[in-house]
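Protein sequences, first through last, are from chains A, B and C.
Be aware that the first sequence starts at 1, since it is given in the numbering used here, and climbs by one per residue.
Be aware that the second sequence starts at 345, since it is given in the numbering used here, and climbs by one per residue.
Be aware that the third sequence starts at 631, since it is given in the numbering used here, and climbs by one per residue.
Treat the hints as calculated values from the structure; they're not laboratory data.
Predicted, not measured: the structure shown is a model, and the values here were computed from it.
For each residue, glycine too, the CB sits at the ideal point set by N, CA and C.
One thing to keep in mind: the hints can contain errors.
As the list claims (entries may be wrong) - Chain A regions said to be covered by chain C (calculated; three or more residues, Cβ under 8 Å):
| # | region |
| --- | --- |
| 1 | 63-72 |
| 2 | 214-228 |
To be verified - Estimated spans, in silico, between C-beta atoms of each pair:
| # | chain 1 | residue 1 | chain 2 | residue 2 | range |
| --- | --- | --- | --- | --- | --- |
| 3 | B | Leu382 | C | Trp763 | 14 to 22 Å |
| 4 | C | Ala653 | B | Asp394 | 53 to 61 Å |
| 5 | A | Gly323 | B | Thr396 | 37 to 45 Å |
| 6 | B | Leu382 | A | Asp142 | 34 to 42 Å |
| 7 | B | Asp394 | C | Trp900 | 46 to 54 Å |
| 8 | A | Glu311 | B | Pro474 | 33 to 41 Å |
Residue strings, one per chain:
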Amino acid sequence: MTGPVLARRRLIAAGSLATLALPFLVRPAAAQERTLLNVSYDPTRELYRDVNAAFAAQHKARTREDLRIRMSHGGSGRQARSVIDGLEADVVTLALGGDIDVLAEAGLVAKDWQAALPARSAPYRSTIVFLVRKGNPKRIADWGDLAKPGVAVVTPNPKTSGGARWNYLAAWGWALAQPGGSDATAQQFLTTIFRNAPVLDTGARGSLTTFVRRNIGDVMLAWENEGFLAQQEFGADAFEIVVPSRSILAEPPVAVVDRVVQRRGTAALAREYLEFLYTPQGQAIIARHGYRPIAPEHAAAADMAKFPKAELFTIDDVFGGWGPATTKHFAEGALFDRITGGAR
Amino acid sequence: MSATAASASGWRFHRPTAVPAFGTAFGIAVAGLSAIVLIPIIALVLKGADQTWASFAAAAFSPRALAAYRLSFGAAFLAALVNLVMGVLIAWVLVRYRFPGRRLADALIDLPFALPTAVAGVALATICAPNGSVGQVAAAFGIQLAFTPVGVFIALVFIGLPFVVRTVQPVLADLEPEVEEAAALLGASRWRTVTRVVLPAIAPAAMTGFTLAFARAVGEYGSVIFIAGNKPMISEIAPLLIVVQLEQYAYGAAAAIACVMLAASLVLLVISAAMQRRLEREGADR
Amino acid sequence: MRLAADTRPALRDPSGIAWLLIAAALAWILLLLVLPLATVLWEALHKGLPRFLEAVKEPDTLASIRLTLLVAAIAVPVNLVLGVAMAWAIAKHEFRGRAMLTALIDLPISVSPVVSGLVFVLLFGAQGWLGPWLQERDIKIIFALPGMVLATIFVTLPYVARTLIPIMRRQGVDEEEAAATLGAGAWTTLARVSLPNAGLALLYGVLLTNARAMGEFGAVSVVSGSIRGETNTMPLHVEILHNEYDEVGAFSVAALLALLAVVTLVLKVWLERRMQARAGVGG
């Protein structure tokens with residue numbers, strides 16, 4: 001009978017495999033260092049890579065202490081949910097004020113978080129622009145052109161992407177401001193746009209892949225900074241940026257997660273980290289990555305020259321803040337669901 | 345539960361002690377299943393039930409949810425059907441014929457298991473996009489593959505392929521050649537032998553494979569979202585809808601949709617178990 | 631091992647049909663399996679091997695490789711024990727509720743990966759049932775290794791049992807009964823009779839579990855928190871690199887996973903051959 005021999009051999013084989021794998025599994029012991037976890041939304045990877053390096057260097061110079069800032073990126077709503085579910089974020093840097101409001105409701109962040117830091121806790125701003133293919137073959141100049149027949153609009157899904165909510169609200173705000181504009185005409189306008197959307201990716205980065213690599217769609221709605229980054233990554237001749245006549249002033253907010261920093265004893269450090277974003281050095285890095293700094297005087301002139309002038313409205317002006325906007329547009333069965341035919 | 349207690353329910357061979365360690369095996373199996381599968385699932389069901397019927401129904405049976413179920417279950421069924429046919433065919437070819445590259449082909453079957461679903465999704469989307477290698481060909485015929493329900497179907501065919509092949513293959517290999525020889529000697533044509541002797545013998549396994557491929561496809565997420573298009577009412581799958589609900593902090597709604605999918609899967613599994621038993625019994629009677 | 635069935639005249643299919651079937655099978659495999667694999671490898675390597683190696687040597691990538699191996703190293707043995715126990719109970723015994731148990735084993739396959747992650751969030755999340763209790767004691771499950779291991783075990787639970795059950799059932803219980811008659815204990819019977827008999831299926835089940843454990847995306851992504859360099863497994867890292875427009879990096883990690891899988895499959899084929907050779911000598 002060969003069974004027992006085989007069984008033993010197999011055991012030996014499995015054992016030796018496991019032994020071989022062991023060195024890979026043992027992590028080198030981490031040196032003593034302080035850490036911060038920054039839970040952020042998708043497009044800020046490049047920004048915070050530089051911010052973190054600069055802040056850690058500054059911290060080291062001042063305190064001789066090694067600081068490692070850990071990053072987690074993902075869709076803004078999903079990131080907020082992870083923090084609610086127990087992801088130990090010292091700070092959150094998200095796409096929407098609404099997502100931090102949810103954290104405040106859960107008792108993780110102070111209710112008045114928006115007053116905790118300057119400029120309503122938004123150290124950088126952005127807006128929504130159009131990306132069109134080289135030469136702008138469909139001649140897209142403003143929002144109204146998106147509703148033309150035969151124009152395919154690429155945007156992520158406002159249900160899963162913070163950036164897409166800004167897209168949606170920007171379009172709505174433009175439609176309202178048109179002569180004779182009302183909620184009804186705005187809804188009609190957005191219905192047409194979403195009917196013209198061939199794909200609704202779950203995140204902004206997915207949409208860009210669809211638009212650039214898969215060659216789908218005529219125009220893509222994107223964060224301004226994502227537009228710059230995409231031109232940098234894929235070459236300026238790949239597509240052009242079109243700035244609409246009127247768009248939304250996006251204010252991606254930041255906040256210290258009080259409940260976590262109290263437990264971890266990182267309250268002061270976390271606050272310093274966020275305050276660093278407002279320093280001249282921080283503002284310069286922000287501008288370099290295509291976000292609009294709140295203190296443009298600290299940014300390099302070349303970086304500031306990138307930002308086109310446009311009429312920008314705030315979410316508070318037009319929608320009365322994130323709370324009302326979410327209830328009216330993005331909640332289950334609300335306007336967005338009706339626009340895409342998902343609600344009765 | 346002990347072997348003696350189990351023996352009260354009746355042994356097949358009426359030799360209660362012949363195969364030992366029923367209690368231990370059953371104990372480990374039940375304990376493991378409870379801890380890892382049952383308790384979490386119960387938590388999910390309770391979460392789904394922890395709301396009024398109206399809010400449950402609003403989330404679980406909205407037109408958008410219904411469209412998502414239709415797509416998820418419909419595409420999964422079609423994909424599993426294709427996999428049933430192609431899987432049996434491939435298993436047959438791999439077991440019964442010797443040809444150059446057979447071992448390579450055999451080893452490749454497991455690829456959909458080995459390739460992370462997200463990677464598969466990206467790869468399939470790259471291939472099927474209008475500017476991809478296959479997508480170009482399809483586009484020439486005016487067919488769009490990626491970002492349509494067809495894309496969902498393609499991804500589901502991909503991930504489901506190994507199930508049928510791998511369940512049918514060992515049974516086919518273990519099939520006593522004597523039975524086929526006897527049938528042939530008795531004058532049955534090759535076709536008759538295959539359809540009357542071979543297919544019934546592998547039917548239970550094929551059925552298992554079909555159900556597994558189907559069940560797995562219904563819930564598939566990673567490979568599908570890249571190629572689906574994700575448009576509400578058109579190319580949005582049910583698991584994505586769960587994610588969408590989660591990202592709006594609607595745990596209850598997410599749990600409600602999850603519960604509907606779970607219930608549907610359970611019903612399917614029970615049906616398939618019953619069919620399998622019948623097929624096995626028929627196979628034994630033959 | 632008996633020879634190929636088609637060497638017996640009575641079982642031979644007309645060669646035209648045989649070649650047609652072979653061609654159909656190969657074409658299907660080529661289109662559905664080889665093409666995606668080739669695409670992954672091409673995307674990873676078309677910028678040259680140095681770029682590939684550079685991408686793989688990146689610290690966050692190495693961390694994700696380590697984490698993936700660690701998760702698999704815990705999940706696979708657990709599932710091996712559970713799978714053998716379940717298969718032994720279901721295939722070699724008759725008991726009430728056997729069909730129930732069988733269906734339960736299949737459940738993780740039919741539960742969407744997203745849901746598999748969700749259930750653990752509902753249980754162990756800060757808002758979940760056990761969340762507050764765990765938080766008081768500073769025990770981290772979700773967004774840490776235990777949660778990822780649990781989700782992986784959940785998702786890969788069925789594979790060992792699923793591959794063992796059909797073959798164990800077909801083999802019946804004669805040999806086990808004989809062993810018992812000869813006075814063999816349960817452990818001896820399992821280790822010397824049942825498992826060796828089901829050898830290939832067992833091995834296949836383990837390999838499958840391992841491959842799925844390393845490649846799981848949906849469930850792990852829900853419980854990972856995707857902290858760079860810490861809670862990113864390789865599949866999650868692929869997505870992250872993809873989202874950073876680092877296509878070469880993303881496909882490099884993907885290719886590594888595919889390569890790992892190919893090595894596993896080669897290993898399987900090699901073992902299969904050795905066993906056949908051995909059986910040939912022995913029998």
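Results for each hint:
For the region 63-72 of chain A, the stated coverage by chain C is satisfied: 3 residues place a CB nearer than 8 Å to a CB of that chain, which reaches the threshold of 3. Check on the region 214-228 of chain A: 0 of its residues sit with their Cβ under 8 Å from a Cβ of chain C, so the three-residue criterion for coverage is violated. Distance hint check: the CB atoms of Leu382 of chain B and Trp763 of chain C are about 20 Å apart, consistent with the given range 14 to 22 Å. Taken as a hint, the range 53 to 61 Å holds for the pair Ala653 of chain C and Asp394 of chain B, whose Cβ atoms sit roughly 56 Å apart.
Take Gly323 of chain A and Thr396 of chain B: their Cβ atoms lie about 24 Å apart, and the range 37 to 45 Å is violated. The given range of 34 to 42 Å is broken by Leu382 of chain B and Asp142 of chain A, whose C-beta atoms sit roughly 57 Å from each other. Evaluation of the 46 to 54 Å hint for Asp394 of chain B and Trp900 of chain C yields a pass: the beta carbon distance comes to about 52 Å. Distance hint check: the CB atoms of Glu311 of chain A and Pro474 of chain B are about 36 Å apart, consistent with the given range 33 to 41 Å.
In summary, the numbered hints that this structure violates are 2, 5 and 6.
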